Amino acid sequence: MDETNERIKRAKKGDEQALATVLLEQYDFVYHYLLKLTMHPAMAEDITQDTMIKAIERIKQYNPKKAKLSTWLIQIGTNLWIDEKRRQERAKKLRNQNQLEWQLRHQPSDDWLTVTAALEQLKEKHRIPVI
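Each residue of the sequence shown is one higher than the one before, starting from 1285 at the first, in our numbering.
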């Protein structure tokens, strides 16, 4: 454990090799956690990679007195998963909204059929003001 803490200290000072070693040691743990969370191997792999990128960007913010490195990485991964779920939900709502709008435009309702039938019975000069 002391060796890992020493690597973390070096990583925080800019030692890229130490950072790579520390993150590589945690990679499988984070991946398997995210695999259980997502139940989707490709998504777990993507989020694990994004987690490692965030960890690289924010290693100086990591405080070993507050949490173990694995806990910190799991929190990053969980937050990224939550963000992804929100993105998916927004995309789903947008697809549903677009589908509904398309249906309203392209699939006439009973009322619309009644209105168009009534309009057809009007002479053109009377139809124009109604429309």
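Quick caveat, the hints were computed from the structure, so don't treat them as lab data. Keep in mind that this is a model prediction, so the values were computed, not measured. Positions of the beta carbon are idealized from the N, C-alpha and C atoms, including for glycine. There could be a bad hint or two in this list.
Computed beta-carbon distance windows for the label pairs [unchecked claim]: (1) H1324 x P1413: 55 to 65 Å; (2) T1355 x N1382: 35 to 45 Å; (3) K1352 x Q1301: 45 to 55 Å; (4) K1350 x E1329: 20 to 30 Å; (5) K1296 x I1366: 42 to 52 Å; (6) E1341 x W1396: 16 to 26 Å.
With a straight-line Cα cutoff of 27 Å, these simulated DSSO-like cross-link-like pairs (lysine-lysine) come out [to be verified]: (7) K1296 x K1376; (8) K1293 x K1349; (9) K1320 x K1409; (10) K1376 x K1350; (11) K1369 x K1352; (12) K1338 x K1369; (13) K1350 x K1293; (14) K1293 x K1338; (15) K1349 x K1296; (16) K1352 x K1320; (17) K1352 x K1338; (18) K1376 x K1297; (19) K1407 x K1320; (20) K1297 x K1349; (21) K1338 x K1349; (22) K1352 x K1293.
A quick look at each hint next to the structure:
Checked against the hint of 55 to 65 Å, the pair H1324 and P1413 passes, with Cβ atoms roughly 58 Å apart. In this structure the supplied range 35 to 45 Å holds for T1355 paired with N1382, their Cβ-Cβ distance being about 41 Å. Distance hint check: the CB atoms of K1352 and Q1301 are about 21 Å apart, inconsistent with the given range 45 to 55 Å. Taking the beta carbon of each, K1350 and E1329 are about 28 Å apart, inside 20 to 30 Å as hinted.
Between K1296 and I1366, the C-beta spacing of about 26 Å breaks the proposed range 42 to 52 Å. Judged by the Cβ atoms, the range 16 to 26 Å given for E1341 and W1396 is violated: they are separated by roughly 54 Å. With a CA separation close to 40 Å, the supplied pair K1296 and K1376 exceeds the 27 Å bound. Restraint check: the Cα-Cα separation between K1293 and K1349 comes to about 12 Å, which is no more than 27 Å; the hinted pair holds.
Distance check on the hinted pair: K1320 and K1409 sit about 68 Å apart at the alpha-carbon level, beyond 27 Å; violated. For the proposed pair K1376 and K1350, the alpha carbon gap of about 37 Å is over 27 Å, so the pair is violated. Our distance criterion of 27 Å between C-alpha atoms is met by K1369 and K1352, whose separation comes to about 26 Å. For the hint pairing K1338 with K1369, the CA-to-CA distance comes to about 18 Å; that is within 27 Å, so the pair holds.
Using a Cα cut-off of 27 Å, the hinted pair K1350 and K1293 holds, with the two alpha carbons roughly 15 Å apart. Of the supplied pair hints, the one linking K1293 and K1338 holds, its CA atoms being roughly 17 Å apart against a limit of 27 Å. A hinted pair counts as satisfied when its Cα atoms are at most 27 Å apart, and K1349 with K1296 qualifies at roughly 14 Å. This hinted pair checks out: K1352 and K1320 have alpha carbons roughly 20 Å apart, not beyond 27 Å.
Distance check on the hinted pair: K1352 and K1338 sit about 16 Å apart at the alpha-carbon level, within 27 Å; holds. For a cut-off of 27 Å, the pair hint linking K1376 to K1297 is broken: about 43 Å separates their Cα positions. Proximity of K1407 to K1320 is assessed by CA-CA distance (about 67 Å); at most 27 Å being required, the pair is judged violated. As the CA atoms of K1297 and K1349 are separated by approximately 17 Å, the hinted pair is consistent with the 27 Å bound.
Using a Cα cut-off of 27 Å, the hinted pair K1338 and K1349 holds, with the two alpha carbons roughly 20 Å apart. With a C-alpha separation of about 13 Å, the suggested pairing of K1352 with K1293 holds against the 27 Å cut-off.
In this structure, the earlier hints numbered 3, 5, 6, 7, 9, 10, 18, 19 are contradicted, and the remaining ones agree with it.
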